Structure formats: structure tokens, C-alpha cells
Amino acid sequence: MSCYPLLVRAVAAEGLDGSRLSHPSEPLPEAQWRPFMATVLEQRLTGLLASAVGADRFPVTVSQRGELAELDAATAAVSLRLDRVLLEVAETFDGSGLRFRVLKGAALAHVCYPDPRQRPYGDVDVLVPSARFDDAVRLLVAAGGRRRFTEPRPGFTRRFGKGVSVQRTDGLEVDVHRTFTSGAFGMTVDTDGLFEGGTPFTVGGRELLGLAPEERFLHACYHAVLGAAPPRALPLRDVAQLALDPRLDVARVHALVERWRAAAVAAAAVRIAWTELQLADTVALSTFAAGYQPRRRETRAMAAYSSTRQRYPRQAVAALAHIPRARDRAAYLVALLFPSRQYLAGRDRSYVGRVVRAVRTARTIDHGKVQP
Amino acid sequence: MTAKAAAACRDPRVLWRRTLDGCVLLAPGGNPVRLNGPAAAVWMLLDPCRTVDDLVEALLAVWTAPAEVIARDIGPLLRQLVAADLVINRPA
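If you're matching them up, the sequences are chains A and B in order. Following my numbering, the numbering of the first sequence begins with 15 at its first residue and continues without gaps. Following my numbering, the numbering of the second sequence begins with 293 at its first residue and continues without gaps.
Don't take every hint at face value.
[As the list claims (entries may be wrong)] From the structure, some residues in chain B lie toward chain A, with a derived Cβ separation under 7 Å: (1) 345; (2) 371; (3) 380.
[As the list claims (entries may be wrong)] Some residues of chain B that are not near chain A, with every Cβ distance over 10 Å (derived): (4) 315; (5) 324; (6) 333; (7) 369; (8) 376.
Just so you know, these hints were derived from the structure itself, not from any lab. Quantities reported herein were computed from a predicted structural model and do not represent experimental measurements. A virtual CB, placed ideally from N, CA and C, is assigned to each residue, including glycine.
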């Protein structure tokens, strides 16, 4: 069952001709407009709604249009500020010969949507090579940023983690990624391979690189189904937007999915996107998603991301099995069970407490059943 | 900028987005600037670069104001956009 009202899902599907969802035929009464707009804002759908209103596909009153225009302009202003941040990050990284790829909102807006305003974003996301991860964070901190969260031990994120958020003095955030997600599914992505290709796009006269199309599509799948529970509307729209692009090399998507052991992730993302946005389109990926039967271990692995209890600890435990070398597994365990005192101070307050919590988490991951 | 000697162009370093009532622009080192109505229409027309005469002719096609009113107002508007580091003048 969907988490979002039909009206909101119709906004998320704006511009997708194959969606069976439709906008209202008359302006919403005020009592309905308020909660509707609250959800549109929370789900970052103002750009898509503004597109629909501007094209006279979604009727509004004069006052509703005025309110939406203010929100649309404010959202656009944030996206522009973030684009400026992205250019500053690019200049900083260029100075140190640090290659990177732009991820998520900024890349999707400029590359995949007919109008960038349809795809707003709230931060800057960049992917850097694992070997240069610490350099990237150091550069951003030296430029005045503050790492938002301490890592368990120095070098942990570079070896095992998803990434880190760096908050700038202007309050805007740069998320530096090493892989697509935390936990087991993040461990199986070929992170070095992500830099073999790229999609160029231009911001403010400067050329930047996003991921290659097939990697970009899979990242959208990871983000949609592993990034939040329940999946958010805009990431689901991203999945549909990319899956419906006729230029996507589906054979290459399947090859990557095989290599990364990500079939269940891709299938779930497309299936949920097609269901939520009520898409009638039949493309190779929707057929694959509809017919895919996840193995029990895949269902178990994905449960660590959809669980509302101990989400991060469950992912951390599940990741262990995907670290190939015994020495690295040992380092991983030591870092998590006996992190730095600075890390511990913000969490368990004692090593004993931390070990007890770890044991409890491991016991809740019942190897015979899926735990909600 | 004289009417025939130069063309107005968007500064390529300016970031911008279309919005429901016009557009929002961000020049390097500046704050977001919101353009509505004629100012937004002029910005949208400045791709490619255009002379004043080109702009007047293009605006006549979308605005109901008399040609002499548009011609009178376009100069000050372009000067404001140049002063805000959003538009640059180039030889036509």
C-alpha cells in the first residue's frame, strides 16, 4: 500500500506520459491544499508541481499560485546556491588533482530532467575514489567545513564506509561519498569502476562529470530503496525517469547488477516506482522487475535497510560478510567494537555497553527469518 | 550600450532556473535575484545574444505594450541587469 496520497503521487509522476495518475480538474479546497502542500514540500516536489501548474495541467486559485510561486523561487534559489558550492568544490578538488563525479540531485537535474527546476536538491553530493577519500574530506575541512560525524577510527570510512557530510560555514552541506550506500550493498559496488566512464554537463560555464548512465540509474535505485524507509517520492521519480530513458544500455545495467550483486535492489526500485507512479509503460527493466524473485539472502540483506529498529547497527553487522579479506574483517570489527573515545562519547558511553548492543543487534538478525 | 553597436548576452557564469513566475539568477559572489514579468522575458530572450532592436522585436511578439514603450524601457532594464553582473555587453 502506498505511503503517499494519489494527488502527491500524481505530482511525482508529472511529465511521465505513461502514468495513469491524473491531476485534479479543479483547484483544491483550502482544507485539502494545506496538507497537500506540506507533503509536496516535505517530498521536494515543488519543482514538478510548479511545472504542472505552469503548463495549466494542475488548476490552482490565484492565491495558491502565488504561494507556490514563492516556494518555487525559494527552492530554485537553494539549488542555485548549491550549484555555486559545487563549483567551489570542483575548484578545490582540481587544485589537488582529485577526480570526482557529481551524484544525485545536481547531476540528475542538469542531465536527466527536461528542466533542472523539476529536480531540486538540498545538498551537494560528490563521489571520490576510495584512495583519495581522506584527502577530499581534509580539503573541504581546510576550506572551512566541519565534518558532521566522527568516524569510529581514522580511516574507517575510506576503507568501509559510505561517506561523510561536511557542513560549510554558510550552513550548506557537501556529502562526500565513497560508495553508494552503507552496509552490505555498499561493499559490493565496484567503486573504482565508477570512474571509468562519466556523463559531462555544464554548470556556470564549467564542465563537470556525473556517473555514466547505467551507474547513475543503479545509484538512483540504491538511493530510492536503501536510502529511506519508506522510499521517498522524488527518488522513485528519479528511478522511473532514468529507466524510461531509451538511451539506457539495459544489457550493461544487467552486467553491473550481476557484478555488484544488486539485482534485488534494482528490481525493488523499479517495481516500487512503477507501482507508486502507476506507470503503464512496459520496458525491459519493468519486465525484469516484475518477474524478479529475490533469494532469501537478498531479502534478508534488504531488510537491514527497511528496518525501523537499529537500522545502522543491522547494516553494519550485515556488511561483515561482504568484506573479502580476513585482516580487513578484523579491522572492521575492532573499529566498530572498540572505536575512538571521541566516537564513543556521542553514543554508547562505554565499550561494555557497545559490545552488549552489538551482541543484541546480531541476535535480532535471525538467519532463518526476515525481521521487520 | 548603444542600440546598434553592442549585443546583450547572458554572463555565462550566472546560474539560473526557470520558476513559475519568471526566473531566479545567481551571479558569482552575489545573492539570488528574482526576475518577473518583462525582466524575466528579456533574460529568457538573451540566448543567443541580442541587440536592443532584436529584443524590442522579440518582445513585441509576446507583450501587448506599444513598441515605443518597450524601446524606451528596454535600455534602463538592460543597464540594471549589467549593473547586477547578470548580463554583459559584446560587440554585435
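Evaluation of the provided hints:
Given hint, residue 345(B) at the interface with chain A, is violated; its Cβ is 27 Å from that chain's nearest Cβ, farther than 7 Å. Taking 7 Å as the C-beta cut-off, the interface hint given for residue 371(B) is violated, the closest approach to chain A being about 23 Å. For the restraint placing residue 380(B) at the interface with chain A, the shortest Cβ-Cβ distance is roughly 12 Å, beyond the 7 Å limit, so the hint is violated. The claim that residue 315(B) lies off the interface is violated: its Cβ sits roughly 8 Å from the closest Cβ of chain A, which falls inside the 10 Å cut-off.
Consistency note on residue 324(B): stated as away from chain A, yet its beta-carbon is not over 10 Å from all of that chain's, at 4 Å minimum. No Cβ of chain A approaches the Cβ of residue 333(B) within 10 Å, the least distance being about 14 Å, so the stated non-interface status holds. Residue 369(B), annotated as away from the interface, keeps every beta carbon of chain A farther than 10 Å; the closest lies near 19 Å. Under the 10 Å C-beta cut-off, the non-interface status given to residue 376(B) relative to chain A holds; the minimum distance is some 14 Å.
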